[in-house]
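Work out the full structure: start from the sequences and follow the hints.
This note's numbering puts the first residue of the sequence shown at 121, with every later residue one more than the last.
It cannot be assumed that every hint is accurate.
Derived EDC-like pairs: lysine to aspartate or glutamate, alpha-carbon spacing no greater than 20 Å straight-line [to be verified]:
no.	residue 1	residue 2
1	K456	E385
2	K178	E206
3	K368	D406
4	K229	D298
5	K368	E282
6	K456	D442
7	K247	E285
8	K296	E285
9	K211	E179
To be clear, the hints were calculated from the coordinates, so they are not data collected in a lab.
Every value quoted in this text rests on a predicted model; they were computed, and no experiment measured them.
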Amino acid sequence: MPLFRNREIKVYTVILASLSLIFIVWGFLKGYEAGIIVTACVIIISASFYLFTYYRYKEISRLSNYLRRICSGEHSLDIRDNFEGELSILKSEIYKVTVMLSEYNEQLKEEKALLSTQMADISHQLKTPLTSMMVMADLLKSNSLPADKRREFTSRIYAQLERLEWLVSSLLKMSKLDAGVVEMNKREVSALSLIESALSPLLISMELKSISYTVETGSGRQLSSEDEPLNICCDIHWTTEALTNILKNCIEHTPPGGKISITAEDNPLYSEIRIADSGTGISKEDMPHIFKRFYRGRNACPDSVGIGLAMAESIISSQGGDILVESRPGEGSVFKVRLYKVVV
121 MPLFRNREIK
131 VYTVILASLS
141 LIFIVWGFLK
151 GYEAGIIVTA
161 CVIIISASFY
171 LFTYYRYKEI
181 SRLSNYLRRI
191 CSGEHSLDIR
201 DNFEGELSIL
211 KSEIYKVTVM
221 LSEYNEQLKE
231 EKALLSTQMA
241 DISHQLKTPL
251 TSMMVMADLL
261 KSNSLPADKR
271 REFTSRIYAQ
281 LERLEWLVSS
291 LLKMSKLDAG
301 VVEMNKREVS
311 ALSLIESALS
321 PLLISMELKS
331 ISYTVETGSG
341 RQLSSEDEPL
351 NICCDIHWTT
361 EALTNILKNC
371 IEHTPPGGKI
381 SITAEDNPLY
391 SEIRIADSGT
401 GISKEDMPHI
411 FKRFYRGRNA
421 CPDSVGIGLA
431 MAESIISSQG
441 GDILVESRPG
451 EGSVFKVRLY
461 KVVV
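Now the structure itself:
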C-alpha cells in the first residue's frame, strides 16, 4: 500500500500496534466482554485514523500533481475550496503563489518582447547614420573629389557623429531611469533658473529659425529675477533635461517666425511649467503614442529619433509628476509639466 511507504506512518503503526496489543491484553485480563469491547474500539480507532490519513495523503498527492502541472506551464488551474482547515489554507496559499508566478511570467514575456522591439529600434537608429557615414567616408577616399564636396561630406559625417553621441547618451540615461538606479535629489530651485537652464542649449537653434519666446507667470507677467521668487521642488539636473527635450520637440514642430511661450505657476497642490508653441500640432492618431520610445508621428522631422518625449515623461514620473498634453492640428501644442507637492 503506497501509504506505508512513508516512514512516519510505519513508525506510528508500530507504536499503535504495540499500544493496541497492550490494551487488548489488559481488556481480556479484566474479562472476556471487556476484551471484546477494547478490541472493537482499537479496530474502529485505527481504521478511522488510517482512512483520515489516507485522505490527507491523497490531497497532498493532488497538490504535488498540481504543482507539477504548474511547473509545466498550466497556470490557469484553480485548487481553492470553501472549507476550513490546514489543507484548505495550504491550497489557498499555493493558489496565491501560482497567480503571482503567472503574473510574473507574463510580465517577463512582455518585458522580453519590449526589449526585443527596443533592440530592433536601437539597431535601426544606429544603422542609418552609420550607413550614411560609411558611404561618405568611401567617397572621401577618392583623390578626384572636389574640395567643396570634401568639406560638405566631412561636415555631414560630423553631424551624424553628433547625432550618434546624443542617441547613445540618451539611451544610457533611459536605461538608468528604467533600472531605478537614478536617485532624484529634489530641492527647492528657482523656476526662472530652471527654465533658463533648459533654454540655454537651444537658443542658437531658435535664433536660426527666428523663433521668439516668452517666460511668464500664471498671471501673465514676465517672470524675472526681481519678482518674488517662484520656487519648484525638483531635481534640477534631470528636470532641466526633461524640459529641454520638450522644448526641443516644440522647436522642431514650430515653423520659422513662430513663438514659444513658457509659463510657471504654483498652487498648494503642485508646481506647473506650461510650454506652448505655435507649431503644427499633434494629430489625434499620434496623441496616445507621443511618449512611446522611438515613436515618430506623421509630422516628425527627418532627423527625429523619437526618444526625447519618452525620456521627459520618464524623468517627471520618477519624481511623482505628470506631463499633460493639449493639441490640435494647425493650432500648436501645450505641454503641462506638473510636479506635485504631496504624493498620495
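message: Just to be careful, I want the Cα atoms of K456 and D442 compared with a cutoff of 20 Å; is the pair within it?
response: Between K456 and D442 the Cα gap is close to 8 Å, so the pair holds against 20 Å.
Restraint check for K368 with D406, where alpha carbons must lie at most 20 Å apart: holds (18 Å)
message: Next pair to validate is K368 with E282; report whether the Cα-Cα distance is within 20 Å.
response: Roughly 16 Å between the alpha carbons, so the hint for K368 and E282 holds.
task: Quickly compare the C-alpha distance for K456 and E385 to 20 Å and report which way the hint goes.
output: holds (11 Å)
query: Are the Cα positions of K247 and E285 separated by 20 Å at most?
result: holds (14 Å)
message: Does E179 sit within 20 Å of K211, going by the straight-line distance between their CA atoms?
response: holds (10 Å)
message: K178 and E206 were given as a pair; does the straight-line alpha-carbon distance stay at or below 20 Å?
response: Within the cut-off at roughly 14 Å; holds.
query: CA of K296 to CA of E285, is that 20 Å or under?
result: holds (17 Å)
Pair hint K229 and D298, alpha-carbon separation not exceeding 20 Å: Roughly 17 Å separates the two Cα atoms, so the pair holds.
In summary, this structure violates none of the numbered hints.
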